[in-house]
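As a plain string of letters, each chain reads:
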Amino acid sequence: MTEDLKPVSPAALGPDLTRRAFLYGTVAAGAAGAGGFTAFAQAAKTIEWWDQFAPLVPLHQKIWEEFSAKNPGVKIAYTQMNPADMMQALQLAFRSKRAPDIHSILTSDLSVTNQLSKAGWFAPLDASFNADTPFLKEALLEGMTVFNGKAYSFPIFSFRQHETSLWWTKPFMEQAGIDPTAGPKTWDEMRKAAQAMTKGRTYGLILPLQFTNRMANHVLDLAQVAGAPGRFDWRTGAYPFGSEPFVQAVEFLLSFQRDGSLHPASSSLDARQGRARWAAGEAGMFFDGPWNSGVVKGSFATVLDTLGAASIPLPSTGQPAFTYHTPPSGEFWISSQCEDPAIATKILQLFTTDAYYVGLAERMDQPPLDLSAVDRANVHPTYKTVVEGFKKVVRLAPEPLIKNPNVAQVYAEMKPVTPGVGEIVQGAMGGAVSNVKATLQQYADKLTAERDRAIKVVKDKGVQVSLDDWVFPNWKQGEDYTASHYKT
Amino acid sequence: MAMGQGAAPASAGVRKDGGSAGEIARQVWQSRWLYVFLLPTVILYSAYTIWPIVASIRYSLLDWNGFDSDGVFIGLANYSELASDPQFWNAFGNTLMFLVLAVPLRVGLALVLAVALNDPRLPFVRVMRTALFLPVVTTGAIVGVVMRFVLDPTGGPINVALLDSGLLDRPVNFLGQASLALYSAVAIWVWKWLGVTLIYWLAALQTIPKDLYEAASIDGAGRVEQFRYVTVPLLVPFLIIITLLTAVEATNVFDLLLTLTGGGPFYATEVIDIFVYRQAFAANIPRLGYASAAALFFGACIVLLAALQMAVRWQLRRRAGEAR
Numbered sequence: 002m003t004e005d006l007k008p009v010s011p012a013a014l015g016p017d018l019t020r021r022a023f024l025y026g027t028v029a030a031g032a033a034g035a036g037g038f039t040a041f042a043q044a045a046k047t048i049e050w051w052d053q054f055a056p057l058v059p060l061h062q063k064i065w066e067e068f069s070a071k072n073p074g075v076k077i078a079y080t081q082m083n084p085a086d087m088m089q090a091l092q093l094a095f096r097s098k099r100a101p102d103i104h105s106i107l108t109s110d111l112s113v114t115n116q117l118s119k120a121g122w123f124a125p126l127d128a129s130f131n132a133d134t135p136f137l138k139e140a141l142l143e144g145m146t147v148f149n150g151k152a153y154s155f156p157i158f159s160f161r162q163h164e165t166s167l168w169w170t171k172p173f174m175e176q177a178g179i180d181p182t183a184g185p186k187t188w189d190e191m192r193k194a195a196q197a198m199t200k201g202r203t204y205g206l207i208l209p210l211q212f213t214n215r216m217a218n219h220v221l222d223l224a225q226v227a228g229a230p231g232r233f234d235w236r237t238g239a240y241p242f243g244s245e246p247f248v249q250a251v252e253f254l255l256s257f258q259r260d261g262s263l264h265p266a267s268s269s270l271d272a273r274q275g276r277a278r279w280a281a282g283e284a285g286m287f288f289d290g291p292w293n294s295g296v297v298k299g300s301f302a303t304v305l306d307t308l309g310a311a312s313i314p315l316p317s318t319g320q321p322a323f324t325y326h327t328p329p330s331g332e333f334w335i336s337s338q339c340e341d342p343a344i345a346t347k348i349l350q351l352f353t354t355d356a357y358y359v360g361l362a363e364r365m366d367q368p369p370l371d372l373s374a375v376d377r378a379n380v381h382p383t384y385k386t387v388v389e390g391f392k393k394v395v396r397l398a399p400e401p402l403i404k405n406p407n408v409a410q411v412y413a414e415m416k417p418v419t420p421g422v423g424e425i426v427q428g429a430m431g432g433a434v435s436n437v438k439a440t441l442q443q444y445a446d447k448l449t450a451e452r453d454r455a456i457k458v459v460k461d462k463g464v465q466v467s468l469d470d471w472v473f474p475n476w477k478q479g480e481d482y483t484a485s486h487y488k489t
Numbered sequence: 029m030a031m032g033q034g035a036a037p038a039s040a041g042v043r044k045d046g047g048s049a050g051e052i053a054r055q056v057w058q059s060r061w062l063y064v065f066l067l068p069t070v071i072l073y074s075a076y077t078i079w080p081i082v083a084s085i086r087y088s089l090l091d092w093n094g095f096d097s098d099g100v101f102i103g104l105a106n107y108s109e110l111a112s113d114p115q116f117w118n119a120f121g122n123t124l125m126f127l128v129l130a131v132p133l134r135v136g137l138a139l140v141l142a143v144a145l146n147d148p149r150l151p152f153v154r155v156m157r158t159a160l161f162l163p164v165v166t167t168g169a170i171v172g173v174v175m176r177f178v179l180d181p182t183g184g185p186i187n188v189a190l191l192d193s194g195l196l197d198r199p200v201n202f203l204g205q206a207s208l209a210l211y212s213a214v215a216i217w218v219w220k221w222l223g224v225t226l227i228y229w230l231a232a233l234q235t236i237p238k239d240l241y242e243a244a245s246i247d248g249a250g251r252v253e254q255f256r257y258v259t260v261p262l263l264v265p266f267l268i269i270i271t272l273l274t275a276v277e278a279t280n281v282f283d284l285l286l287t288l289t290g291g292g293p294f295y296a297t298e299v300i301d302i303f304v305y306r307q308a309f310a311a312n313i314p315r316l317g318y319a320s321a322a323a324l325f326f327g328a329c330i331v332l333l334a335a336l337q338m339a340v341r342w343q344l345r346r347r348a349g350e351a352r
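So the protein lines, in turn, are chains G and X. Residues 2 to 489 (this note's numbering) are what the first sequence spells out, left to right. Residues 29 to 352 (this note's numbering) are what the second sequence spells out, left to right.
Next up, chain X with everything else stripped away, as it sits in the complex:
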């Protein structure tokens, strides 16, 4: 391979100075098509991911209302204001609460359903899988709007059913009651995205060899024992990645929550995305610098959490290795 051939003379110390630059140029030229094909991805990724991040870092150091062509440099003042802003911490707390409630619920419920729907003897398996996946292909914003009607305290079908059946004598204000709104939003989000996690689990379940179940069955294991001693251990690696993916998705609920509750009532469902949107666009006087600081600060916290999680996993694995 060209790259390997090119690396040898440089490492051998031949023409170490001028030669290495020439060697690199030669390697690049030899692999030019590789770079050409990479170029669209690099350009698009830089334009739509790297550049916005870099620009946000710069904006976060400005006092900028968006009306002026540029803001005033204020150093880290936006970050220090964030640290003492109770509304930011409220949004931060709501985001974490959403994460803590929604992720286990979605992952757990999807696993239960996947185990049930993985049984080919169950009638209408395909219909049920499709039905559960259907909300995934619906736009989040549309789900938010529709769910406002579904959960409406007067004409919504859920309240109508509860009132008509005599279970309740007063309607439940699922989205208007501060103590209920976040839970209602979590339930809707889990319902909407359950199908994706279900597919992950079904794929994971289908990687488990049937021989293992047959062997366990011969050893006298019932369905519960088979699940506990065969299925669960083999699903653990999948659990980690599915949980991570779901957690990332649970921090991106802007479209659903904006249309469902707008972050209300009284900021009860205001997650970081909506806080940032409110500061940057919905306020009479936008604060683009402050909004950027909030977004970056939260992003950094998520990175930190992910790093912590990785460190803990690494530590656990190391200890397990030592124990063996």
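Bound-form chain G, shown alone:
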């Protein structure tokens, strides 16, 4: 690269060149001049990157090093965040104008994404970003990864996943008299297996009751295979938490406590602690997402080959059962305080390649956006089993935001409603909630009231939005609700 070295003032450089870039450039030019070089050295850039994806660090590190090798002078400074502290750290960083260039936002909650977008946290991907695969194109949706027609992020994980696969240790399953490879298929079989595993200070099941978000997701998945549609009933727009499938799901979890087969420490455990105790042999079974294979491989490698896994257990066999998940949101976002969105976009583009999807599958975390990459990857059999289970069970859910992007403003207006499903399960287990159905119904009623309030506030501003945006009359059980369904 050759350029004439002439003294220029920052003001003369125009708005595209920042003060920092100017300083770097000046220093580099000075260094080049002092060394007698004729070429202008490329300005040094450091891209600050914060996320909570600990299992993916080795994969990402490799990508960053390759990028730095091809783009001398560009370094990626990574900070691994504790999920519990991440949003606080980001808030403080944004307010003090020290936000990282690229960051994750921990939650896929669309109301959070939309509030952050409204607050101006994100910068759009540079025009050079190329969504060149059909599945990536389909994932770029207004209100989720696209705002006002501009792409801001993209998903790296498939929507075809849930957090309630059943994991077990084979010796425990053999002890319960159940095929250790197939595991229990139904709720009854699982309950009996847990009872048979409970002896002395070992228990059948351990649950992360203190991690209420995870518990809420377990209940949602279990309620869905028992016949509930999802977080709301897509046929009517109503919140179904007081319905029979949700009550059955909570009662199913409570039955382990009544049987004495639930590990008593469950009440004070989060997912990491629960997994550690399960891997240590204190319990035979554990509900978890597909990442369990990767985490066990990393932290409890000696027990990896004693693991068995299956898709979510069903209330009974013989009837089709599905869980529904909304289209995925983006994982990585370029901060509005990033001074080089073009470079950030170039790095992020590397997260859309087939090699990345295969690498992602091999980390055995959430399954990659291109699920077929799992077949080409070298992964543990349990990971393949749960991903195969997702293909059979998980379907794409309708999303009001895609039907009407103005729904984003309702999401942004809605305030959190508590106690939620996870807290209600915790309360029922701890003896604080005696009437599960009534408490779940109260939650549904509060959510309905909050959504109605938010819709009214947004409508009063002249925005076109209504409860009908939550109604999808053409939704059918067991089918993916694809882009074409929104048009009909």
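No wet-lab data here; the hints were simulated from the structure. Watch out, some of these pointers could steer you wrong.
[Unchecked claim] Derived pair list, reagent style DMTMM-like, types lysine to aspartate or glutamate, alpha-carbon separation capped at 25 Å:
#1 G/Lys151 with X/Glu109
#2 G/Lys457 with X/Glu109
#3 G/Lys98 with X/Asp96
#4 G/Lys457 with X/Asp98
#5 G/Lys416 with X/Asp96
#6 G/Lys457 with X/Asp113
#7 G/Lys151 with G/Asp110
#8 G/Lys462 with X/Asp197
#9 G/Lys76 with G/Asp341
#10 G/Lys193 with X/Asp197
#11 G/Lys63 with G/Glu49
#12 G/Lys460 with X/Asp98
#13 G/Lys457 with G/Glu414
#14 G/Lys119 with X/Asp96
#15 G/Lys200 with X/Asp197
#16 G/Lys462 with X/Asp98
#17 G/Lys457 with G/Asp110
#18 G/Lys462 with X/Asp96
#19 G/Lys119 with G/Asp271
#20 G/Lys447 with X/Asp113
#21 G/Lys416 with X/Asp197
#22 G/Lys119 with X/Asp98
#23 G/Lys119 with X/Asp91
#24 G/Lys200 with G/Asp180
#25 G/Lys392 with G/Glu139
#26 G/Lys460 with X/Asp197
#27 G/Lys416 with G/Asp461
#28 G/Lys98 with X/Asp98
#29 G/Lys416 with X/Asp91
#30 G/Lys457 with X/Asp247
#31 G/Lys447 with X/Asp197
#32 G/Lys416 with X/Asp113
#33 G/Lys98 with X/Asp91
#34 G/Lys438 with X/Asp113
#35 G/Lys171 with G/Asp271
#36 G/Lys119 with G/Glu451
#37 G/Lys488 with G/Asp234
Use these hints to put chain X onto chain G, whose structure you have.
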């Protein structure tokens, strides 16, 4: 003294208008070193105490999620929402319950131990005092984490001992049972801070002149009578201040409870500190204005309680004075 000298002409009415300002300036200049030495305290106190309070008052009038650079002014809406929020009142009730249980227990238990450990004839007095004070120097958050293991229903030493001794056939879920969790937290907090109150009491006991005990003994008073008619009356002034200090400490249990129970199960141990933290930081969508309103409202209630207590004390003293 310079200040006294300066006050005289002003009070005498000489050069009342322009002169008083000049006089004040002269006094300030004469006492300049006093102000210079006060300055660090004033600056730090303003930055870390006054300013956060003033900022919280402003935040409490905003609807602010912390993502935006500033919130929307909503007047007293956060306060009216608090008034009808059952979770706030649950946290309020838990805080008061914690106070009501923990303060008398800590003050009373420490007094009993102090009386026992004030006896120099007791063997290993110093060792026992040190042992009781040791938990005080441990970080509250660490105590919370460690106590989760100690009280664990399966591997925790307390449950293991209870099960192995045959006293119980099923483990006790000290922290996971909603009806037990707050009591367990109170017990841990009392144990952790007992040493401080013990030191207060020991210091108070050592202010009582030995002559009084000797005189009581000559009059035929036994140990119980000496305690009742000599020790207790002379400790009453200390009791008031120790209780007040302990009550203030009992409203600051955030670190211990967050690590011990996180406010659970099902908000059974959620005190105001944790409620505020949950609203401001732990929720998916933070509510900084609402959290500020909750903190200020609770602070105002505590001030009101303290004022009431002072008013009652003043009234009692006045009546006692009239009776004499």
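* Asked: For this structure, which hints from the list above don't hold up?
  -> Numbers 1, 8, 19, 21, 26, 30, 31 - these are the hints that the structure violates, sorted from lowest upward.
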